[in-house]
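If you want the building blocks of each chain, they are given just below.
There are 2 protein chains.
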Amino acid sequence: MKLTILFGGASFEHEISIVSAITLKEKLSEFDLSFVFCDQDHSFYLIEDSKMKAVTFSKGEHKKMPKLAISNGAFTQKGMFNSKEHGGVFLNLIHGADGEDGSIAALLDFFSIKYIGPRIDASVFSYDKRYTKWLCDARGIKRVKHEELSVKEHDNIDMPYPIIIKPSCLGSSIGVSIVKEESELDYALDTAFEYDSSVIVEPFLEGVKEYNLAGFMADDKIHFSIVEEPHKGEMLDFEKKYMDFSRSEQALKADISSELETKLKQNFEKVYKNLFEGSLIRCDFFVVNGEVYLNEINPIPGSMANYLFEDFHTSLELLSNSLPHEKRAKVDYEYIHNISKAKGK
Amino acid sequence: MKLTILFGGASFEHEISIVSAITLKEKLSEFDLSFVFCDQDHSFYLIEDSKMKAVTFSKGEHKKMPKLAISNGAFTQKGMFNSKEHGGVFLNLIHGADGEDGSIAALLDFFSIKYIGPRIDASVFSYDKRYTKWLCDARGIKRVKHEELSVKEHDNIDMPYPIIIKPSCLGSSIGVSIVKEESELDYALDTAFEYDSSVIVEPFLEGVKEYNLAGFMADDKIHFSIVEEPHKGEMLDFEKKYMDFSRSEQALKADISSELETKLKQNFEKVYKNLFEGSLIRCDFFVVNGEVYLNEINPIPGSMANYLFEDFHTSLELLSNSLPHEKRAKVDYEYIHNISKAKGK
Chain A
63 MKLTILFGGA
73 SFEHEISIVS
83 AITLKEKLSE
93 FDLSFVFCDQ
103 DHSFYLIEDS
113 KMKAVTFSKG
123 EHKKMPKLAI
133 SNGAFTQKGM
143 FNSKEHGGVF
153 LNLIHGADGE
163 DGSIAALLDF
173 FSIKYIGPRI
183 DASVFSYDKR
193 YTKWLCDARG
203 IKRVKHEELS
213 VKEHDNIDMP
223 YPIIIKPSCL
233 GSSIGVSIVK
243 EESELDYALD
253 TAFEYDSSVI
263 VEPFLEGVKE
273 YNLAGFMADD
283 KIHFSIVEEP
293 HKGEMLDFEK
303 KYMDFSRSEQ
313 ALKADISSEL
323 ETKLKQNFEK
333 VYKNLFEGSL
343 IRCDFFVVNG
353 EVYLNEINPI
363 PGSMANYLFE
373 DFHTSLELLS
383 NSLPHEKRAK
393 VDYEYIHNIS
403 KAKGK
Chain B
63 MKLTILFGGA
73 SFEHEISIVS
83 AITLKEKLSE
93 FDLSFVFCDQ
103 DHSFYLIEDS
113 KMKAVTFSKG
123 EHKKMPKLAI
133 SNGAFTQKGM
143 FNSKEHGGVF
153 LNLIHGADGE
163 DGSIAALLDF
173 FSIKYIGPRI
183 DASVFSYDKR
193 YTKWLCDARG
203 IKRVKHEELS
213 VKEHDNIDMP
223 YPIIIKPSCL
233 GSSIGVSIVK
243 EESELDYALD
253 TAFEYDSSVI
263 VEPFLEGVKE
273 YNLAGFMADD
283 KIHFSIVEEP
293 HKGEMLDFEK
303 KYMDFSRSEQ
313 ALKADISSEL
323 ETKLKQNFEK
333 VYKNLFEGSL
343 IRCDFFVVNG
353 EVYLNEINPI
363 PGSMANYLFE
373 DFHTSLELLS
383 NSLPHEKRAK
393 VDYEYIHNIS
403 KAKGK
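Which chain is which? The protein sequence lines are A and B, in order. Under this note's numbering, residues 63 to 407 are what the first sequence spells out, in order. Under this note's numbering, residues 63 to 407 are what the second sequence spells out, in order.
Keep in mind the hints are simulated off the structure, nothing from the lab. Misleading hints may appear alongside valid ones.
Identical chains blur together in the list; that is why a pair holds if it fits in one copy or across any two.
To be verified - List time: in silico DSS-like cross-link candidates among lysine-lysine, alpha-carbon distance up to 27 Å:
#: 1; residue 1: K140; residue 2: K271
#: 2; residue 1: K115; residue 2: K335
#: 3; residue 1: K214; residue 2: K332
#: 4; residue 1: K403; residue 2: K89
#: 5; residue 1: K325; residue 2: K87
#: 6; residue 1: K242; residue 2: K271
Kindly generate the complete structure, drawing on both the sequences and the hints.
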């Protein structure tokens with residue numbers, strides 16, 4: 063099966079998207095894979111298989127490869143005398159801005175290119191942590207309480223320490239700090255506001271259990287991954303982050319009761335249904351006193367959370383064959399004809 | 063001042079977007095206007111001023127005009143030997159799908175084209191009436207209670223007649239029915255589901271007062287239009303709809319207390335702030351027993367609600383000069399360099 067991996071993007075997560083793509087190249091070797099890179103200037107390049115290495119991009123060597131333009135139904139490589147089309151199904155693997163904020167979704171939808179990834183509305187509700195809270199409230203999903211701060215107004219935080227400070231719109235723990243006392247607050251806020259003009263404050267829950275669950279809809283039902291209890295350091299540094307996005311070894315199943323597993327799946331389904339169709343997402347949950355709280359939705363998880371699926375290859379094939387159909391309005395100008403008639407013209 | 067009006071779109075509201083654009087051509091004659099048409103196949107055309115008539119499009123004559131491609135910073139007209147760029151500020155006047163669902167916003171943002179219109183997240187919260195309700199709940203704005211129906215599950219409506227049935231995602235009263243008794247229900251549902259797979263049911267509030275208020279943010283404050291009490295027929299037919307989108311005569315101020323006017327403005331501000339920056343929107347409110355309820359947000363109102371502004375020309379100029387700045391992440395490959403170093407390569 064043919065599949066094109068779209069990665070890069072003008073995002074703070076640009077580089078881990080490259081790591082993710084390289085990981086999937088190995089993991090999905092049974093597919094007929096192609097690679098399209100979006101650079102930080104929003105130009106697209108077709109990357110040779112053999113050049114799928116981090117240094118290709120850090121050295122700017124991608125600029126020597128064929129440039130692509132997006133057009134109806136495909137990415138097009140223009141030659142002197144003819145042009146070559148790169149169509150088929152795309153996998154949106156651009157983490158963070160562009161990929162997860164709805165831009166790439168809109169672009170691919172607008173140009174009728176089929177893709178795995180969150181649609182525009184799903185992107186908005188997962189990219190901005192404030193809107194994830196709204197989604198939770200509307201769909202009866204428990205979530206951690208929070209306060210919102212803006213660059214202009216962030217004087218009073220009405221929450222006891224320790225607290226956690228996060229930019230509203232970034233994943234991969236970029237710009238996130240745990241603040242144990244007031245003396246650490248200013249630095250944490252400066253860090254977070256470097257990445258976003260809006261910041262979220264939450265209580266830092268010590269000793270909480272964390273569980274990750276991924277899944278996708280195909281053939282009208284949700285296919286779940288195993289549940290994993292992720293390894294926790296207090297904060298991820300670049301090496302740990304790299305580990306996270308380059309993971310390809312099957313994870314261990316968390317040792318939890320079937321009752322808790324069912325609860326996690328029910329919450330996943332509440333998040334997913336009628337919103338995330340077409341995408342494979344990972345939900346990160348907290349469990350406190352047996353109650354399940356949604357912490358975060360990763361609509362394009364690092365290396366597509368391949369390590370959580372017992373048969374990742376088949377899973378992705380299933381999803382590729384169950385992508386939502388686009389419904390486009392047909393224009394017949396009946397309305398204008400009616401007006402013209404009514405005006406006697 | 064140069065301004066390009068972008069209109070059309072693959073939308074049930076394609077034709078009224080044409081009417082809107084023709085209206086603005088007259089209304090904004092002091093601007094140096096250009097017109098870019100998006101046809102139902104998502105091709106773009108540069109339309110000559112003299113051809114800005116409804117028949118140009120209903121007869122397909124736009125296809126003879128220069129075709130444009132979207133590229134970084136501008137729409138480009140490719141010639142045999144060189145290409146011509148159409149840049150500057152755009153006004154997104156595509157009503158309904160494409161224009162109001164976040165697609166055009168994403169496209170223009172992605173290609174760094176400046177525009178008046180709702181951004182991606184603002185689009186999602188105004189295009190789908192279900193998400194407008196979530197916005198209201200999160201921001202403490204009163205709204206009419208509702209039920210959601212999907213094509214698959216719409217057997218039991220737990221609300222006394224009369225009720226109003228609306229597709230979740232359409233404006234301009236397309237697909238909307240008032241249902242007075244059960245015998246009328248099936249037809250109303252069929253009509254609504256023709257336009258969307260999700261439908262909203264609300265109580266039909268008889269004798270409610272309706273008020274419309276438009277506004278936009280410029281120089282850090284909201285500039286309001288007058289408040290209008292719109293003329294109500296029970297339902298709009300095509301002629302009334304045409305009247306609505308081709309309005310250019312200054313509307314009459316509603317005869318309301320300054321207290322109610324303040325309340326309407328406060329509610330408008332709750333909707334607008336930190337979401338709709340860059341756009342001129344019209345909020346349609348209901349007033350019941352002195353309480354203000356948000357009925358609908360029009361993020362691209364018909365003919366930009368020009369008739370509500372005492373000086374529409376100056377208003378649009380102000381807004382054009384206060385558009386949000388795009389912040390794009392800079393990629394320096396520090397992370398990949400660090401990994402390479404850590405690996406000893």
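(request) Check each numbered hint against the structure and report the violated ones by number, ascending. (result) 1, 2, 5
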